[in-house]
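**Q** Each chain, written out:
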Amino acid sequence: MPTRKLYFEAVRLGDEVPPLTKGPVDRVQLARYAGASGDFNPVHVDDVHARSLGMPSVYAPGMLVMGMLGQLLSDWARGAQPRRFSVRFSKTVWPGDTLTARGRVMERWGEAGKYFAEVDLWVENQKGELVLRGAALVQLFFSADDENRQRAGQPPLLVPAPKESLRQPPPKPPEVRLPPAPAAAPAKKAASAARKAPPKKSARK
Amino acid sequence: MLDKNAVGRTSPPTLNEVEKGAIRRFAEALGDFNPVYYDEEYARAAGYPTVVAPPTFPACFHSSADLRELLGVTVKSLLHTEQTFEYERPILAGDRIFVATRVADVQERTGPAGRMDVAVLEDEGRDEEGALVFRSRRTLVVRSSREP
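As you go down the protein sequences, you meet chains A and B in turn.
Just so we're aligned: 145 in my numbering is position 145 of the first sequence, and the numbers increase by one with no gaps anywhere.
Just so we're aligned: 43 in my numbering is position 43 of the second sequence, and the numbers increase by one with no gaps anywhere.
Hints are supplied without guarantee of correctness; some may be wrong.
Claimed, not checked - Stretches of chain A that chain B covers, calculated by requiring three or more beta carbons in the stretch to come under 8 angstroms of a beta carbon on chain B:
#	region
1	27-39
2	58-65
3	71-77
4	86-100
Calculated from the structure, these hints are not laboratory results.
Here a beta-carbon is modelled for each residue, glycine too, at the ideal position from N, C-alpha and C.
Can you build the whole structure from these sequences, using the hints too?
**A** Written out as structure tokens, the structure reads:
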């Protein structure tokens, strides 16, 4: 049966990963995930326990939410091999929350017959609040032709693919020297002026 | 405060057998019905030798790590703040993977809620030949009480 696959030649910088909406999260899912993962921390399954700790109710383990983001990644990158997948958790997910996972292609490059794409990934709740933010690196075949060759034991297609990136170089520290106090107010002003400088520059482009 | 000498402490490798049923239940719990997690024929057509595990599946692997022993404290509560997986290859049904947990870092940070301890634990999964399959790093904010 033919399965749709993602190939490097079709990946463009800035491509949006098709969003995935999950939920609402309910207590049955929390119980299922506890069973499947072997993590029976009572804060995720026992409301009485969670309230005794001052929580309004049980809440979802971060790894369940990362798992949902993994579905977005795998659905998009069918046929590709994830190399790295990382997240930082920022907001608690409660029963009743509906989550939307999203992503965007930030970098793509190839070297020595191996082709890679890096995506930014994130999950928002129904209020539009960021629940977690992450990124993934996937390795892809260049094309169906490349995949067929490699599966037949032939060397990979070598196509020049220098690194393309949407990532901003890290901002330079502001050059503005704070005047040698005691004037606290002007010093603040100088610092805020320095912070404002980079966006102004990009707005002119 | 966490024991700074804990860094480098490693639990002995523990065998994890990747069962098809465990993969299916894990994918079901995520509400992810991609047939590569359920259907061997489909997985083969998609280029895998057999059913494959979802990317966060290593979260359910056991290691013999005892946090109290590894970190040298009694853990009162844990907050999982960051997670990274690195994969050498897909994890497949039938794999036998040995998982060991190492304390990669221990730090004391001062946040809005006062002092807190941050521990980074790194799991390493290897196959029977000793080849690396995956690495997993967990960053945990640890609230602890010293052993009396």
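**Q** If a hint holds in the structure, say so; if it does not, say that too.
**A** Cross-check of the supplied hints:
no. : hint   : in the structure
1   : 27-39  : holds (count 8)
2   : 58-65  : holds (count 4)
3   : 71-77  : holds (count 4)
4   : 86-100 : holds (count 4)
Violated hints are absent here; each numbered hint is respected by the structure.
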